[in-house]
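Asker: Take each chain as given, in its own frame, and dock them per the hints.
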Amino acid sequence: MNEQTLIWTAILGMALVTMACRLGGYLLVSRHPPRAWVKSALNAVPGAVLTALITPALSAGPAEALAAAVTLAAAWRLPPLVAIAMGAATVVLLRYILPG
Amino acid sequence: MTSPADNQDPLSPLKRVWRHTRPACWRDFARGAVHMMPMSMAAAPFGIMVGVLAARLDWGLSDILLMSATVFAGAAQFTALGMWPQSSGDAAAAISGIIGITALINLRHLLMGAAIAPYIRPLPWRVKGAFLFTMADENWAIAMTAARRKALSGAYLMGTTLPFYVNWLIWTALGHILGRGFGHPERWGLDFIFVAVFLTMITGFYKAERRALPLLASAGTALAVHLLAPGGWSVIAGAVAGTAAGVLRPAGQDLTEDE
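Those protein sequences? They're chains U and W, same order as listed.
If you use the numbering used here, the first sequence corresponds to residues 476 to 575, in order.
If you use the numbering used here, the second sequence corresponds to residues 69 to 327, in order.
Chain W extracted, bound-state conformation (with noise of 0.2 angstroms):
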């Protein structure tokens, strides 16, 4: 705090905050959370799902509220619920599973990170620390556009993240609420959402990437473990076939080339 000796009017300083920062902030960080409008709604259906998934394995609202707070992630998260072993006499080997695939999963964070990193250097860690520990595909995409056209400001960056966080902890808690309402999912499909879901997900990947190949050896290679040694393990099997037969065509690699 400055004391009045330094400064005629002892409000001036908080006069100055409030007439230039703190305007400009909340400018930044509404504009922020404005572009992201559209991916939290989008965000809606797969974290009432989310929710519904783990009220029908009998978590509690504590449980995916510290899930969905702490990893924050949405195909890692249904994958762990989907996983979710159903007796507990192989429950040690399951939850390795589980974290291994999260790990696979969220590998391409990797990525994003490096991809950003030169434009969130500049700022201070309490903002790109926040930022990190809550990137997801959405903020992270609509960052990146921002960042292209002009430096990225902590409170813009904070305007695609905050928001966007706490809109995923009401839907879940939601859909956990909405769940428990259930009585035989199966009467109304909602076990089929689960994988409805999913399909609606990699048609998206696949519109994306244009690639047949990584998905079609992991649907047959988790088949075959499927057919030959049922458990959690047609997880794994696929997901490595799949991601070693996304190292045949390179990145960048000409798209007429296709097919």
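With the rest of the complex left out, here is chain U (with noise of 0.2 angstroms):
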């Protein structure tokens, strides 16, 4: 498969999945609600997926690991846009100073 292919078929994937999840609540929606347990799982799967995305990252060197302790910091108060600023000039700080 070339890179051209791969990027439809993902695209197709995705787009099939996130419909299906979009449109099944209002199609599948019972008299009942979801379970309580049910919806305290999906409920922490945004978080979880990020998390466990970012997490290899952050593992990469010092560099990165100091920038996303700034960055976590500075979202706790500030709007996203800055702590993304700072925790980007963080790095390139760091990168900068420490050797390797």
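It is worth saying that the hints were derived from the structure and are not from the lab.
By construction, the Cβ of each residue, glycine as well, lies at the ideal position given by its N, Cα and C atoms.
There's no promise every hint is true.
Claimed, not checked - Short, incomplete list of chain W residues facing chain U, as computed with Cβ under 7 angstroms: (1) LEU172; (2) ILE173; (3) LEU178; (4) SER221; (5) LEU246; (6) THR268.
Answerer: Right, dumping it as structure tokens:
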């Protein structure tokens, strides 16, 4: 498979599963609301996925780990865009200072 | 069309439509669009960064626009681009992983669709179909808030949805054009922006949920799998572990039992 076919396959697959989720809830809505534990697990999904996705990048080195700490601290109080800029600035600075 | 014979003034149906229906429709549409304005602006940096990531992977502008138009889910698009295989060696497995993760990330739409179903059921399919196809956390939240106050009109629902949809396409396209301009992304910390964006999103999820366990379970599992078996599997393992940990405290449980 060449790169273009891969891209189209991925987009098609992603679009289909996303559409199924978007329409499915409306179409399959039953008279009974979902069980509490199902709701609880589904609410945890976005955070769990994003955390799993970035964890390998955080273990790449001290610059990334420290910049992540700065970003988290900033995101707690400041708007996301400011926190993102501060994290990126920290990683640039630390990569310049730290060896390797 | 009404024939002139039905009516004294051949233009009167049109006038009636213009005088009553259209302005009311547009007012509702505009109200929905205005309510979504802060959300549209908040989506801009994320759209730009999706575009930048796609450009760095050498995707064409049409590719990322196709993705934004048909998938239309920021977190899933970020994840897909972040997991995109560097080599074509294990590409098939990587693509399956990306589609699986997309399903997992967007599973919450099942709940959202179920929650809003009673409010949109009376609307015609062309309206609720368009809404469901473009349902995101943002327009869903705004529509749910409005629906609790008074019955949702189709025009209001489209006002929360259509400009927000076009907004996403514009920002991802702009990001792609910008992304082409950066020669050495590491020098500007652009590779870290991906991580930083997700960290701010995770902070947002934590603030809404107040549950650290799923996040810690996900991070611990992902790290262990990453160290033992590098590759895309750490994402799936961490996501499944975090979701499983999410079962442990049922939603709606008394918040005083926290920690």
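Asker: Give a verdict on every hint.
Answerer: Tested hints:
1. LEU172: With Cβ-Cβ at 6 angstroms, under 7 angstroms, it holds.
2. ILE173: Holds - the Cβ of ILE173(W) comes within 7 angstroms of chain U, reaching about 5 angstroms at its closest.
3. LEU178: holds (4 angstroms)
4. SER221: Violated: closest Cβ of chain U sits about 18 angstroms from SER221(W), beyond 7 angstroms.
5. LEU246: violated (14 angstroms)
6. THR268: With Cβ-Cβ at 4 angstroms, under 7 angstroms, it holds.
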